[in-house]
Amino acid sequence: MTECNMRRDERVETPVAEGSTNETRKVRVIEVKESVFHQNDVEAEALRAELSQKGVFMMNVMSSPGSGKTTALCALVNRLKEHLRIGVMDVDIETSLDASCVAEATGVKSLQIHNGGLCHIDAEMTKRAIDAFGVEDLDLVILENIGNLVCPAEFDTGSHMSMMLLSVPEGDDKPLKYPLMFSVCDLIVISKIDTLEFFDFSLEKATANIRALNPNATILTISAKTGEGMDVLADYVMKRVKG
Amino acid sequence: MHELGVTFYVIKDVKKIAEDNNVYKVDSVTLEIGQVSGVIHEQLQDCWKWAIKKEPIMDCAKLLIEEIPAVTFCENCKKTYATVPQGKICPHCGSDRTYLTQGNEFNIKEIEVLDQPHEVILSEE
Ligand SMILES: Nc1nc2c(ncn2[C@@H]2O[C@H](COP(=O)(O)OP(=O)(O)OP(=O)(O)O)[C@@H](O)[C@H]2O)c(=O)[nH]1
Ligand SMILES: [Mg+2]
Ligand SMILES: [Zn+2]
Ligand SMILES: [Zn+2]
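In the order they appear, the protein sequences are chains A and B. Be aware that the first sequence starts at 1, since it is given in the working numbering, and climbs by one per residue. Be aware that the second sequence starts at 1, since it is given in the working numbering, and climbs by one per residue.
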C-alpha cells in the first residue's frame with residue numbers, strides 16, 4: 001500500500017486550526033485524550049442500570065487462579081438458594097467445568113462463558129452473556145471472573161458488587177503487589193483459613209495491608225472446606241442483594 | 001496476554017473516532033501509558049502490528065507511545081517522590097501512608113489521520 005511507504009518527511013504537519021482551509025495539509029491531528037477504559041465504563045454503567053431496573057443484583061467474583069472461587073461459590077449458593085433465585089456464570093479462558101461443577105453441586109442455573117483467550121471479561125462481553133443466559137427470573141447473578149489479579153480490576157463488568165478472594169497460601173503481602181484489585185473491591189474474603197497453621201500468613205498484616213489501600217472494604221474470613229465463616233458471608237451477600 | 005486485550009480496545013476506539021470523522025486512513029496513534037500500568041511496550045507493538053492488519057482503515061498505522069512517569073504522594077510529610085524504584089515507603093520520612101498520583105494511565109492521546117489518499121494530494125501539488 002502506498003500509505004505504508006509514505007516517508008515522514010513528505011508530510012506537512014499542520015495543526016488543526018478551526019475553519020482552516022489549508023490545501024497542503026495532508027495529515028490532520030485529532031485530539032482524543034481519553035482513557036482506553038472509558039467506553040467500557042459507559043457500557044458497564046448502562047448494564048448496571050438495566051439489571052437494577054429488572055430487579056437483578058450482579059456480583060463479580062475475582063481472585064488469582066485457584067484461590068477457591070468455585071468451591072466458595074458452591075458453599076455460598078447452597079446457603080442462599082432457599083431464599084434467592086440464583087444464576088452462576090463462569091468465565092474461563094479455555095474449556096473448563098467450573099459452571100457445571102457449580103450446577104451439579106447446587107442445582108442452580110449456570111452458564112459457562114468462553115472468552116476466546118482474553119485475560120478478563122468486559123462489560124460488553126458480560127452483557128452478551130447475560131442476554132444469552134436470561135436473567136429475568138433471577139434475584140442474584142454471580143459472575144466468576146477469570147483467575148487474574150490484574151486485568152479484571154481494570155474492567156468494570158457492570159456488577160453491583162465486587163468480591164475478591166485472597167487465599168492463605170498466597171501470602172499476606174498480596175495487596176502490596178496488586179493494589180488496584182484490592183482497591184476496587186467492596187468485599188475482600190480471606191479464603192482457605194483452615195490452612196493458616198501451615199503457612200506464614202498473618203491475618204493482622206493482611207488486614208492492615210488491605211486497609212491501607214481500601215479503608216471502606218468489608219473483610220471476612222472463610223474456609224469453604226470446614227464451612228467456617230460461610231454463614232457470615234452468606235448473610236453479608238443476602239443483605240447486599242436485599243439492598 | 002494482557003497486551004493483546006488492550007490492543008483490541010485501542011483499535012475499537014480509534015476505528016470509531018476515524019469513522020465518526022470520515023477519515024481515509026489513520027496514520028498514527030499516540031498513547032499515553034503510565035510507568036506502572038503494567039503494559040509492556042514491546043509486546044504492545046507486536047500485538048499492534050498483528051492486529052491492525054485486519055482493519056483496513058488503520059492497517060498501516062504507527063503506534064507511538066509516550067510514557068507518563070509514576071509519582072507517589074506521601075500523606076505524612078506531604079512530599080512526592082518517584083514511585084519507581086522507591087515503591088510504597090516514602091524515602092523522605094519512611095511512612096507507608098502514600099498513594100499514586102500518576103503513572104497508572106492508559107489513554108489515547110491523539111491520532112493522526114489522512115483525509116484522502118496520499119497520492120492524490122501529491123499529484124495535485
Ligand atoms: N484447604 C482448602 N482448600 C480449598 C478451599 N477452597 C478451595 N480449596 C481447594 O483449592 C483448589 C482450587 O479451588 P477452586 O475452587 O477450583 O478455585 P478457583 O478459584 O475456582 O480456581 P480457578 O477457577 O481455576 O481460578 C481446589 O483443590 C480446592 O479443593 C478451602 O477452603 N480450604
Ligand atoms: Mg473456578
Ligand atoms: Zn489483561
Ligand atoms: Zn513522607
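Hints were generated in silico from the structure; no laboratory data involved. Mixed in with the good hints, there may be bad ones.
PhoX-like cross-link-like pairs, simulated, lysine-lysine; straight-line CA separation at most 20 Å [claimed, not checked]:
| id | chain 1 | residue 1 | chain 2 | residue 2 |
| --- | --- | --- | --- | --- |
| 1 | B | 16 | B | 62 |
| 2 | B | 15 | A | 33 |
| 3 | A | 81 | A | 225 |
| 4 | A | 33 | B | 62 |
| 5 | B | 53 | A | 205 |
| 6 | A | 127 | A | 54 |
| 7 | A | 54 | A | 239 |
| 8 | A | 127 | B | 49 |
| 9 | A | 81 | A | 205 |
| 10 | A | 33 | B | 12 |
| 11 | B | 16 | B | 54 |
| 12 | B | 49 | B | 12 |
| 13 | B | 16 | A | 33 |
| 14 | A | 81 | A | 239 |
| 15 | B | 15 | B | 78 |
| 16 | B | 62 | B | 49 |
| 17 | B | 109 | A | 33 |
| 18 | B | 62 | B | 109 |
| 19 | B | 54 | B | 12 |
| 20 | B | 12 | B | 53 |
| 21 | B | 49 | B | 16 |
| 22 | B | 15 | B | 53 |
| 23 | A | 177 | A | 205 |
| 24 | A | 177 | B | 54 |
Hints the structure violates: just list their numbers, smallest first.
5, 8, 9, 15, 24
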